[in-house]
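With chain U fixed as given, assemble chain V onto it according to the hints.
Protein chains: 2
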Amino acid sequence: MSTFVLRYFPIKWRAEVVRFLLLASDASFTEEKPAWPEARAQQPVGQLPVLVERDAGDGTEFLLSDSVAIERYLADKYGWLATGGARVTARECQLRNQIEDLYHLMIVHIYGHEAGRPDVQARFDRMARGFVEYHEGVLAENGSNGHYFGGSLTWMDVALYTLLLLVRRPYERQIPGVAGYFGEDKAPGLNKVFETVHGDPLSAGYRATLVES
Amino acid sequence: MSTFVLRYFPIKWRAEVVRFLLLASDASFTEEKPAWPEARAQQPVGQLPVLVERDAGDGTEFLLSDSVAIERYLADKYGWLATGGARVTARECQLRNQIEDLYHLMIVHIYGHEAGRPDVQARFDRMARGFVEYHEGVLAENGSNGHYFGGSLTWMDVALYTLLLLVRRPYERQIPGVAGYFGEDKAPGLNKVFETVHGDPLSAGYRATLVES
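Sequence lines, in order, name chains U and V. Note that the working numbering numbers the first sequence so that position 139 is 139, with each residue one more than the last. Note that the working numbering numbers the second sequence so that position 139 is 139, with each residue one more than the last.
Here chain U stands alone, though its shape is the one from the complex (with noise of 0.2 Å):
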């Protein structure tokens, strides 16, 4: 038996995931919110998020960075990758990336140099019109039932719900009109999947999470 302890920010970004992977796998796992930036020099590569888990037997541990990384151990491990050969594994992993891409560009429009604000609006509005055209394609391939792969709940599902939480929350410097791009009209596909993993019970656990933010 494993235990998990995950290190991040007291901000909602790049450890959505893996919360919800965890909780939803029924994990035991409790998180931290390293000081910052006294922590740096403790973690990989000076970067959160970070998993540390803890054989319940003999006390090692196995520390992981990289939040992607992260996502697809805990994933391997419960259960939540798609299945059916090489393709449908490298199709996920494209896939992941592509929201990981999009996810970069909403946080360097946030954190990054005022100047350069109307370049990521630019870059953001050019690949959130691909994502969504090219996205709502394979979702349609697979029968438009609210699934990436098969037809259960899988890590790339899991990945649109947090994307789209992010998008439709509000920041004071998000990228304008960020959630228009994913909206009913244009992304019926992509709305079926988040609904369809926000009223899974697997979800539960995550759920609860969303009120105190």
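Read the hints as simulated data drawn from the structure, not as lab findings. Treat each hint with caution, since some may be false.
One copy or two, either will do: identical chains are not told apart, so a pair holds if it fits within one copy or between any two.
Claimed, not checked - Each computed SDA-like pair below joins lysine to any residue, with the alpha-carbon atoms no more than 25 Å apart: (1) LYS12 with GLU141; (2) LYS12 with SER25; (3) LYS33 with MET127; (4) LYS33 with PRO201; (5) LYS192 with VAL5; (6) LYS77 with THR154; (7) LYS33 with PRO188; (8) LYS33 with GLU133; (9) LYS186 with GLN42; (10) LYS186 with VAL5; (11) LYS12 with ARG123; (12) LYS12 with GLY59; (13) LYS186 with GLN47; (14) LYS33 with ASP185; (15) LYS12 with MET127; (16) LYS77 with VAL88; (17) LYS186 with ARG40.
Chain V alone, transformed into the frame defined by chain U:
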């Protein structure tokens, strides 16, 4: 049997690991440099690189985008992934994504808004120092043998090799002093990986492409 088409811009950035793996795997492939932005609408999410795999038998095509997803797919197909279980796979994913973070900052410095460059350089400085320290530790744990995992060439060795090729190339708007972060004095383990990959007979095909660049 599959044949591949690799679509990318006529520059040396995000397709170098893909080129290396195709050449070292003796795969049958050609390269396309699509007219841009005319060909944007035909690519998933409007981005390059794109890999097209054609089944030589029935002619069906499998399109994959996102450089890391493409690399990982080819590494899986041709036996370049590290082996040893879920934790090794997770570590490999983490290390590769850390390289991607450095790539990304270099690209933003070259192509991003001028006013943002001091911020980008400060972030690169912090990240590159943390990267070198952490990766040197990972390489030492593997016996300082010129490989990230075990005793033979894997995807991560190749990814590090092409990263160091990129940081050593002169670009007009490259991050100043970028190569210095990875010098022999600071990063003996990383340099050993570079020399090991460079001297491996499997890299001969890729090395030949460097002459023209």
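Going down the list of hints, with the structure as the test:
{"no.": "1", "hint": "LYS12 with GLU141", "verdict": "neither (32 Å within a copy, 34 Å between copies)"}
{"no.": "2", "hint": "LYS12 with SER25", "verdict": "within (20 Å within a copy, 42 Å between copies)"}
{"no.": "3", "hint": "LYS33 with MET127", "verdict": "between (32 Å within a copy, 20 Å between copies)"}
{"no.": "4", "hint": "LYS33 with PRO201", "verdict": "neither (28 Å within a copy, 48 Å between copies)"}
{"no.": "5", "hint": "LYS192 with VAL5", "verdict": "neither (32 Å within a copy, 34 Å between copies)"}
{"no.": "6", "hint": "LYS77 with THR154", "verdict": "both (13 Å within a copy, 23 Å between copies)"}
{"no.": "7", "hint": "LYS33 with PRO188", "verdict": "neither (37 Å within a copy, 34 Å between copies)"}
{"no.": "8", "hint": "LYS33 with GLU133", "verdict": "between (37 Å within a copy, 23 Å between copies)"}
{"no.": "9", "hint": "LYS186 with GLN42", "verdict": "between (44 Å within a copy, 19 Å between copies)"}
{"no.": "10", "hint": "LYS186 with VAL5", "verdict": "neither (39 Å within a copy, 32 Å between copies)"}
{"no.": "11", "hint": "LYS12 with ARG123", "verdict": "both (23 Å within a copy, 21 Å between copies)"}
{"no.": "12", "hint": "LYS12 with GLY59", "verdict": "neither (30 Å within a copy, 46 Å between copies)"}
{"no.": "13", "hint": "LYS186 with GLN47", "verdict": "between (35 Å within a copy, 20 Å between copies)"}
{"no.": "14", "hint": "LYS33 with ASP185", "verdict": "neither (39 Å within a copy, 35 Å between copies)"}
{"no.": "15", "hint": "LYS12 with MET127", "verdict": "both (22 Å within a copy, 22 Å between copies)"}
{"no.": "16", "hint": "LYS77 with VAL88", "verdict": "both (18 Å within a copy, 13 Å between copies)"}
{"no.": "17", "hint": "LYS186 with ARG40", "verdict": "between (41 Å within a copy, 20 Å between copies)"}
Against the hints set out earlier in the document, violations occur for numbers 1, 4, 5, 7, 10, 12 and 14.
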